[in-house]
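**Q** For reference, the chains in residue letters:
2 protein chains.
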Amino acid sequence: MRLPHGEVKTPVYMPVGTKGAMKGVTYQEMDDLGCKLLLANTYHLAYKPGGDLLEKVGGLHNFVNWKNNILTDSGGFQMVSMSQLSEVTEEGVTFESPYDRSKMHLRPEDSIHTQNQIGADIIMALDDVVKTATAGLRMQEASERTTRWLDRDIAAHKRKHDQNLFPIVQGGVDSKLREQSLNDLIQREANGYAIGGLAGGEDKADFWKTVVQCTTKLPKNKPRYLMGVGYPVDIVVCSCLGVDMFDCVFSTRTARFGTAFTEHGFLKLKNNEIANVFEPIQKGCQCQACKNYTQSYLHYLIAKEEVACHLISIHNLNYLIQLMLNLHQSIIDGKLTGFVNGFLKNWYQREGKIPQWVIEALEYARLPIEQL
Amino acid sequence: MRLPHGEVKTPVYMPVGTKGAMKGVTYQEMDDLGCKLLLANTYHLAYKPGGDLLEKVGGLHNFVNWKNNILTDSGGFQMVSMSQLSEVTEEGVTFESPYDRSKMHLRPEDSIHTQNQIGADIIMALDDVVKTATAGLRMQEASERTTRWLDRDIAAHKRKHDQNLFPIVQGGVDSKLREQSLNDLIQREANGYAIGGLAGGEDKADFWKTVVQCTTKLPKNKPRYLMGVGYPVDIVVCSCLGVDMFDCVFSTRTARFGTAFTEHGFLKLKNNEIANVFEPIQKGCQCQACKNYTQSYLHYLIAKEEVACHLISIHNLNYLIQLMLNLHQSIIDGKLTGFVNGFLKNWYQREGKIPQWVIEALEYARLPIEQL
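Protein sequences appear in the order of chains A and B. The numbering used here runs 18 ahead of the 1-based position in the first sequence. The numbering used here runs 18 ahead of the 1-based position in the second sequence.
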């Protein structure tokens with residue numbers, strides 16, 4: 019995928035730097051980890067430091083001194099995460115600030131204007147986001163309104179030459195609404211598409227089938243971005259189903275709670291038995307935490323020193339970035355089936371069983387998986 | 019100063035990694051900053067992970083993967099900082115844990131045993147520490163008990179070949195008690211000495227005169243360590259009075275509150291006018307924060323993202339480490355007077371006046387200072 023700030027190998031995991039900073043990790047460190055595309059959040063940036071200041075300094079890349087690519091969301095996700103403080107009408111969404119109760123109006127035109135000021139390489143359409151479990155008329159309204167807002171987004175977009183606008187497919191897990199949304203969106207101009215409204219607690223069978231419905235219909239020559247998905251198994255499976263881009267705060271959030279990613283699944287560094295494990299989180303891992311420290315030391319630091327969150331966050335981000343690069347390489351080498359089988363075998367070794375939905379999804383993708 | 023883990027240029031500022039980790043800064047970063055000597059805290063390490071575990075992994079250097087030197091305090095300081103939870107007798111001190119109310123007995127023999135297990139390059143005698151403002155019989159008792167405990171410390175010390183034990187001069191700001199303590203201590207074997215019981219809110223005239231009393235009496239060919247002093251002006255002045263080593267949590271604590279050290283004094287990055295300052299904290303500074311970010315960006319991050327504390331901590335530590343290296347070089351070059359005058363001129367430029375105690379102390383040290 020070629021973007022204004024350099025090429026990005028896909029499939030790609032995008033770390034989330036919500037407020038113009040990663041949680042506990044500097045941008046230099048993100049660059050050292052090989053990250054080429056970071057996510058930032060329009061709602062938070064619009065609130066502070068504000069679009070005008072960012073425009074004045076030549077955009078977010080300059081402000082945060084990040085030379086690689088940035089994707090900004092539209093602010094739409096906050097309609098769900100801050101639903102108690104927001105009100106949606108056909109015109110747009112109004113947020114009440116959790117800090118000082120002031121109001122922020124976010125119409126499609128406002129979201130695009132702010133994203134033009136921020137200057138990200140990929141910007142997202144403002145969609146009407148509802149919880150995945152929402153059913154009936156409200157879901158239909160949200161899905162159709164997303165299309166109407168997309169037309170306003172496209173009309174408002176002032177930097178089509180250097181910022182790629184991605185529409186977002188909605189419709190929840192209702193296949194008819196999804197189909198309608200897909201049909202509407204692929205008729206509009208776009209350099210890539212996002213699949214929204216998943217990773218909201220839906221059944222895993224509904225999840226993967228909806229992903230397939232979208233990747234089948236969306237143009238194969240344009241990037242497809244599955245929003246909010248960051249669990250390693252989900253990323254691997256959905257990459258096989260045709261998804262190119264992922265994002266999620268899970269890797270850094272779980273690090274702050276002391277959980278590290280390993281090839282054999284999650285490692286809870288808080289557990290008492292870890293006090294006597296004088297090995298790195300994962301042997302052979304080249305991250306700062308694994309090259310320098312034992313599990314015992316990290317166990318001792320957790321809940322005492324923020325350095326622990328920092329080190330485990332770096333490990334988890336490195337894990338996902340390397341996982342994607344290895345996945346990418348296995349596709350280039352024509353060895354995807356072997357790679358995915360090896361990954362799943364390791365990941366589910368302790369549980370002794372690969373979940374049925376994973377096997378079914380990969381069967382659909384013509385990747386035969388051996389049960390353990 | 020030659021220590022088992024490498025040479026240290028003096029005067030030196032020792033950053034404080036209380037619990038086996040710096041607040042918000044990794045050991046790799048400390049090494050990158052040129053730090054050659056770090057402080058760690060026996061009371062906290064004895065509590066967790068415990069001396070036995072540290073001995074098992076070959077000491078704190080191995081546990082935290084730090085190849086340069088370490089100094090451990092004796093646990094004595096906690097008699098003051100945790101005075102509500104401690105009880106001192108001739109035998110030793112008993113702490114009640116703030117976590118689970120369990121008791122920890124710390125006799126001189128216990129402190130030295132744990133410090134032998136930790137394996138620091140410099141270990142401190144357990145002293146009977148009282149608040150600087152304490153007067154009369156209790157101060158006298160504390161001062162004399164410190165000497166009695168020192169004899170027990172020396173007798174208990176099992177690693178005289180590779181760990182340097184420093185006695186601690188007590189006596190508050192009472193010159194007779196100080197003199198007695200000095201006379202007692204210099205008769206005992208030691209590779210260096212510490213000046214304790216200052217930086218406790220005493221008058222600045224009492225402070226510098228007590229420092230002079232100690233540095234005059236203590237052997238010139240052995241390092242003299244002024245405990246708990248880390249304010250840049252105090253470090254510069256006391257270096258001129260003959261002090262070789264300093265430590266203080268001030269640089270990192272004040273960073274966490276958003277205050278940065280600059281050659282013109284302190285910079286409060288929280289102030290609203292900083293939002294529009296698109297310059298580094300200090301021009302020409304080679305730290306990670308100054309090379310990459312503006313004051314505006316750091317202002318925006320403060321109180322939102324721990325990355326801000328991390329970056330400002332690195333800046334402040336870099337500031338002090340560089341200040342000491344420059345001070346060291348000016349002594350080598352025979353240009354100390356010019357260096358100190360330049361430093362004070364910059365530091366007090368905004369206030370327009372150098373404090374009287376600074377001028378008097380430096381006059382005593384035969385370093386003529388020009389008032390602004």
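Derived from the structure by calculation, the hints contain no laboratory data. Keep in mind that a hint or two might mislead.
Because identical chains share one entry, a pair is satisfied inside a single copy or across any pair of copies.
What the hints assert, rightly or not - Pairs of lysine to any residue, SDA-like flavour, derived with a Cα cap of 25 Å:
| # | residue 1 | residue 2 |
| --- | --- | --- |
| 1 | Lys286 | Ile204 |
| 2 | Lys27 | Ala151 |
| 3 | Lys227 | Gly68 |
| 4 | Lys286 | Tyr117 |
| 5 | Lys227 | Pro22 |
| 6 | Lys353 | Glu47 |
| 7 | Lys121 | Ser99 |
| 8 | Lys240 | Ile320 |
| 9 | Lys363 | His123 |
**Q** For each hint given before, does the structure comply? Return the numbers of the non-compliant ones in rising order.
**A** Numbers 1, 2, 3, 5, 6, 8, 9 - these are the hints that the structure violates, sorted from lowest upward.
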